[in-house]
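**Q** Below, each chain spelled out in residue letters.
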Amino acid sequence: MGAIREALKRVQSFFRKQQRDSDLDAELQSHIDLAIEENISHGMPPDEARRRALIHFGGVQQAMEQQRHARGLPWLDILLQDLRYTLRTLNRNRVFTIVSILILALGIGANIAVFSVVNTLLLRPLPFRDPQRLVVIAPEINRGGLSGATYSVDAYDDLLALNRSYTDVTGYYAFSAADNFKLTGHDEPKPVTGLAVAGNFFHVLGVDPAAGRDFTADESIKGSRAVALLSYPFWQRQFGSDRSIVGTAVTLDGVPTTIVGVLPPTFDFGAVFSPGTKVDFFYPQVMDDIREQGNTLALFARLKPGVTIAQTQTEAIDLFPKLYWGKKYPNSNHNYTAHPIELKEYVSGKVRRSLIVLWCAVGLILLIVCVNLSNLLLARAAARSKEFALRGALGAGRGRLVRQLLTESLVLSTVGAALGLALAYALVSYLAHQGSIALPLLSSVRIDGQALAWTLLITVSSAILFGLLPGLKMSAANLQEALKDSGPGMSDSRKHERLRSVLVISEVALACVLIVGAGLLLRSFLHVLDIDLGFQPSTAAAISIDFDYVDGDHNAKLEKRNANFQEIVRRINAIPGVQTSGITDNLPLERNRGWQGPALKGKTYLPGEIKGAFVYIVSPGYIPAMGMRLRGRDFTWQDDMKGDSTVILNQATANDLLPGEDPIGRTVLIGNIEARVIGVVADVHESNVEGTPGGQMYLPIIRKWGPEGADLVVRTTVPPDQLASSVLHTLRDLNPNQPATEFRPLQQIVDHAVSPRRFFVILVSAFALLGLFLAALGIYGVISYSVTQRTQEIGIRMALGATLARVQFDVIRSTLQLALIGIAIGTVASFGASRLIASLLFGTTPTDPITFLGMVLVLGTIALLAGYIPARRASRINPMVALRNN
Amino acid sequence: MPPSKLDLLQGTLDLMVLQTLATMGALHGYGIARRIEEVSGDEVLLNQGTIYASLVRLQQRGWISAEWGTSDNNRKAKYYAITREGRKQWAKDTAYWNRLSTVMGRVLAMAAEGDL
Chain A
25 MGAIREALKR VQSFFRKQQR DSDLDAELQS HIDLAIEENI SHGMPPDEAR
75 RRALIHFGGV QQAMEQQRHA RGLPWLDILL QDLRYTLRTL NRNRVFTIVS
125 ILILALGIGA NIAVFSVVNT LLLRPLPFRD PQRLVVIAPE INRGGLSGAT
175 YSVDAYDDLL ALNRSYTDVT GYYAFSAADN FKLTGHDEPK PVTGLAVAGN
225 FFHVLGVDPA AGRDFTADES IKGSRAVALL SYPFWQRQFG SDRSIVGTAV
275 TLDGVPTTIV GVLPPTFDFG AVFSPGTKVD FFYPQVMDDI REQGNTLALF
325 ARLKPGVTIA QTQTEAIDLF PKLYWGKKYP NSNHNYTAHP IELKEYVSGK
375 VRRSLIVLWC AVGLILLIVC VNLSNLLLAR AAARSKEFAL RGALGAGRGR
425 LVRQLLTESL VLSTVGAALG LALAYALVSY LAHQGSIALP LLSSVRIDGQ
475 ALAWTLLITV SSAILFGLLP GLKMSAANLQ EALKDSGPGM SDSRKHERLR
525 SVLVISEVAL ACVLIVGAGL LLRSFLHVLD IDLGFQPSTA AAISIDFDYV
575 DGDHNAKLEK RNANFQEIVR RINAIPGVQT SGITDNLPLE RNRGWQGPAL
625 KGKTYLPGEI KGAFVYIVSP GYIPAMGMRL RGRDFTWQDD MKGDSTVILN
675 QATANDLLPG EDPIGRTVLI GNIEARVIGV VADVHESNVE GTPGGQMYLP
725 IIRKWGPEGA DLVVRTTVPP DQLASSVLHT LRDLNPNQPA TEFRPLQQIV
775 DHAVSPRRFF VILVSAFALL GLFLAALGIY GVISYSVTQR TQEIGIRMAL
825 GATLARVQFD VIRSTLQLAL IGIAIGTVAS FGASRLIASL LFGTTPTDPI
875 TFLGMVLVLG TIALLAGYIP ARRASRINPM VALRNN
Chain B
147 MPPSKLDLLQ GTLDLMVLQT LATMGALHGY GIARRIEEVS GDEVLLNQGT
197 IYASLVRLQQ RGWISAEWGT SDNNRKAKYY AITREGRKQW AKDTAYWNRL
247 STVMGRVLAM AAEGDL
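As you go down the protein sequences, you meet chains A and B in turn.
Going from the first sequence to my numbering is simple: count from 1 and add 24.
Going from the second sequence to my numbering is simple: count from 1 and add 146.
If you're looking for bench data, these hints aren't it; they were derived computationally from the structure.
Heads up, a few of these hints could be off.
To be verified - No farther apart than 25 Å at their CA atoms in a straight line, the calculated lysine to any residue pairs in the SDA-like style are these:
no., chain 1, residue 1, chain 2, residue 2
1, B, Lys222, A, Thr765
2, A, Lys206, A, Thr765
3, B, Lys222, A, Asp47
4, A, Lys33, B, Met256
What the hints assert, rightly or not - DEER-style ranges, computed between Cβ atoms:
no., chain 1, residue 1, chain 2, residue 2, range
5, A, Glu62, B, Arg233, 28 to 36 Å
6, A, Asn115, B, Lys234, 49 to 57 Å
7, A, Leu496, B, Glu213, 44 to 52 Å
8, A, Ile122, B, Thr216, 57 to 65 Å
9, A, Arg116, B, Asn244, 23 to 31 Å
10, A, Leu480, B, Arg233, 41 to 49 Å
11, A, His66, B, Ser211, 28 to 36 Å
Small disclaimer: the values here were computed from a predicted structure and weren't measured.
Cβ atoms here follow ideal geometry from the backbone N, Cα and C, with glycine treated the same way.
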């Protein structure tokens with residue numbers, strides 16, 4: 025009680041300082057008056073009475089100070105005093121202040137932004153209920169792309185029945201393409217992306233619709249009415265966040281589909297499961313519809329309470345070989361394995377190392393910033409040593425001086441952090457809206473409470489880091505020496521200089537590590553860009569075109585579609601600026617599809633011996649339009665149902681099929697259909713840029729291979745976007761139902777595929793540049809300061825006959841000395857650090873000599889420049905002036 | 147809740163002030179200082195000014211109250227009086243102090259015997 029009241033009173037007194045002080049003044053005055061009066065009444069003369077009274081009272085100022093201490097908040101008083109003083113000094117030293125704040129803002133801002141990314145991608149749990157109990161079910165080593173990571177419906181059914189680890193298992197159809205539905209009835213026809221999921225998908229993930237309801241069990245049964253759940257952004261965009269849309273029907277691919285609900289904004293399918301894609305709506309997969317399609321489901325499960333990941337992995341070893349690819353085929357078990365891993369690991373495992381490297385890089389930056397600031401403060405400290413000596417002489421304790429200096433650094437870092445926060449906010453909002461960067465969860469990156477806490481932490485710790493050393497250094501200064509140390513060459517400023525040199529050397533060494541890291545990543549990126557993709561992405565673009573599915577044996581319909589396709593290609597080719605064009609049902613680097621590959625006719629294969637192949641169902645002209653290298657002949661419009669069945673293989677499949685022989689002209693079996701090999705194309709990177717392409721085969725779209733959509737690829741002689749409108753216009757002309765889809769340059773698709781690497785390279789390079797700049801600033805600061813300090817000495821030397829060149833050379837030599845020691849230490853450190861990022865490199869060794877040599881050259885040159893400016897100044901010193909001054 | 151720790155001198159002065167006010171009734175700062183000096187003879191060398199830190203502390207803790215008034219010879223002065231809570235504290239501190247001084251006396255007496 026008493027303590028609380030006292031605390032309140034102290035606060036009160038703090039705010040009523042003036043009133044309390046005048047009250048105290050009056051009281052002390054009355055005290056002395058009373059004392060004088062009493063002394064006079066004892067017979068003293070007035071002067072003596074006054075003197076005695078004052079002696080008895082003691083120091084009036086001390087008494088007042090003691091009383092203020094006892095009544096108010098002395099620590100806050102000191103803080104405010106320090107703050108006021110700090111603001112005054114900082115205001116006097118504008119250049120120093122602005123430079124420090126800018127440096128800090130860059131360093132802290134970069135750290136906040138990277139922390140937000142790391143926090144979202146690595147640290148923060150996924151936006152599902154109990155996300156740590158969700159597992160991905162996929163084989164440990166993934167052979168054959170996504171179709172090796174998916175399971176058949178029969179396998180899914182058996183897994184549900186037989187497993188003992190999961191409360192439930194769910195999945196989604198893994199092979200759907202973007203814009204696979206057409207929304208009609210709302211303005212012009214619009215392509216939308218729908219994804220089929222198991223009916224229990226949202227229940228298992230623990231995602232509750234923001235409006236409406238989840239799917240019911242009977243909605244996944246064949247023949248039930250069509251329903252859909254909308255994604256939140258699609259609901260906002262297409263239906264203007266209208267809640268009354270729930271329960272009504274929209275027309276998707278001509279089918280009235282009831283919207284049963286809207287998913288919450290936190291659920292972003294693309295962000296978690298398939299970076300860079302967007303899904304507009306979800307519909308329940310009728311499992312019987314895809315039972316015959318083979319491996320189509322990507323599976324997820326929720327662990328039962330108490331079951332560990334290791335336990336389910338052990339169970340999977342025995343369980344998965346029991347599952348059937350298709351129950352109709354009694355030999356089709358022993359096809360599956362699985363190694364369930366936590367969903368979070370699956371989502372961000374691949375980028376973890378890159379992110380940690382990024383985090384380290386940005387940490388290095390902060391370290392360099394602190395060293396730099398320390399250095400600047402030390403330079404100021406030297407200039408202010410007299411001020412501090414004087415304050416010390418007037419009774420300020422060492423703690424008080426350190427406190428004053430720490431207040432200064434805290435003010436600097438706080439202002440820097442505020443500015444940095446603004447920078448980070450801009451950067452993070454920019455990143456969150458980069459749909460073109462294929463990183464998981466990137467769209468949900470934001471500066472949250474945790475990021476703010478992180479900001480606070482790095483602000484305070486960097487203030488201590490860069491403020492403490494100069495603070496201790498300065499307050500430890502010997503009073504007498506400091507007051508005496510006015511001339512150059514005195515011991516204390518020499519010590520200062522040595523310390524500053526050590527700081528600069530460490531700065532250079534840190535910058536070395538950053539530059540080497542960035543250099544290695546940059547060179548890897550350039551190597552990636554140089555990869556032969558098997559097609560020419562430049563001057564070609566793709567547009568998805570309106571497409572009718574043709575069921576089974578509907579020959580007439582198929583012929584009509586073929587005629588349409590032929591007409592489209594003919595009309596497009598006629599557009600001026602178009603070199604050639606062709607149609608495919610999917611594009612490289614976009615999606616996944618695995619079929620059983622071709623088998624040589626007449627050869628007997630063991631079960632599972634026939635390798636998988638990625639299938640492209642294409643029109644004549646597609647292969648040249650992509651700029652692929654073909655041996656043999658392309659499809660012609662005569663390769664339709666009336667002609668023989670034909671196929672084009674890629675080199676990898678050709679090598680597998682007939683090692684060392686030319687397959688052109690041979691007949692192969694695709695399933696049970698015979699086809700003649702008419703050509704071999706160079707391997708195309710079908711699902712990623714950095715991996716090795718697998719087997720591929722190309723089938724004519726004009727036969728019944730069941731294409732799943734249609735993209736028109738146009739190779740142009742002019743930049744593709746110049747033709748966008750005429751291409752769309754021509755397509756509209758031929759088919760009024762053609763949706764207004766984007767005309768996408770192929771380069772954009774490639775860019776998207778390499779975007780995570782580009783993202784990291786750009787960030788790390790930016791940090792390296794920043795580090796370089798800071799190191800240069802550090803070198804410049806130290807050399808420039810030492811030139812100023814030695815003005816007199818240089819003057820004497822010049823008066824004694826030293827040449828300009830000699831003076832310049834001396835300054836530059838000391839610069840290079842610092843830089844070279846730093847570079848030497850940095851090179852050793854870089855060797856260690858580069859080994860840590862070895863797994864992120866592509867076609868570049870961690871000890872890449874070009875990178876290391878480049879780093880030495882760049883840093884050396886920058887150091888030389890940073891030293892040259894003060895050297896020039898030194899050589900311009902006028903000996904007469906220098907000797908007269910001081 | 148115990149009051150914030152005071153060093154011995156401060157604590158001693160606080161108790162002296164409470165004792166003076168408890169026995170003498172309301173007094174101004176000068177009066178308290180004079181009274182303590184008189185009672186302690188020349189034993190306490192008191193800088194009279196230090197008493198004001200003690201007074202404001204006791205006041206903010208609610209143990210004494212203060213009011214501006216007029217002295218006998220018509221001079222304005224701030225008068226302090228002990229409060230009810232202050233009396234409680236005074237009793238507590240006095241008891242504590244007595245115990246401590248008894249114990250200290252005994253301990254020191256023992257040391258004196260050892261000398262013989």
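**Q** Assuming the hint says 28 to 36 Å, is it satisfied by the Cβ distance from His66 of chain A to Ser211 of chain B or not?
**A** Distance hint for His66 of chain A, Ser211 of chain B holds at roughly 31 Å.
**Q** Note whether the CB distance of Arg116 of chain A and Asn244 of chain B lies within 23 to 31 Å or breaks it.
**A** violated (59 Å)
**Q** Within 44 to 52 Å: is that where the Cβ-Cβ distance between Leu496 of chain A and Glu213 of chain B falls?
**A** For Glu213 of chain B against Leu496 of chain A, whose Cβ atoms are near 50 Å apart, the range 44 to 52 Å holds.
**Q** Are the Cα atoms of Lys206 of chain A and Thr765 of chain A separated by 25 Å or less?
**A** holds (11 Å)
**Q** Can you confirm whether the C-alpha distance between Lys222 of chain B and Thr765 of chain A stays at or below 25 Å?
**A** violated (92 Å)
**Q** Can the restraint linking Lys33 of chain A and Met256 of chain B be considered satisfied, given a maximum Cα separation of 25 Å?
**A** Status violated; Cα separation ~46 Å.
**Q** Given a hinted range of 28 to 36 Å, is it respected by the beta-carbon distance of Glu62 of chain A and Arg233 of chain B?
**A** holds (29 Å)
**Q** Take the C-beta atom of Asn115 of chain A and the C-beta atom of Lys234 of chain B, compute their distance, and say whether it sits inside 49 to 57 Å.
**A** For Asn115 of chain A and Lys234 of chain B the Cβ distance comes to about 53 Å; the hint holds.
**Q** Given the hint of 41 to 49 Å, is the C-beta distance from Leu480 of chain A to Arg233 of chain B inside that range or not?
**A** holds (47 Å)
**Q** Taking 25 Å as the top limit, are the C-alpha atoms of Lys222 of chain B and Asp47 of chain A close enough?
**A** holds (12 Å)
**Q** Take the C-beta atom of Ile122 of chain A and the C-beta atom of Thr216 of chain B, compute their distance, and say whether it sits inside 57 to 65 Å.
**A** holds (60 Å)
This entry does not satisfy hints 1, 4, 9, going by the numbered hints stated previously.
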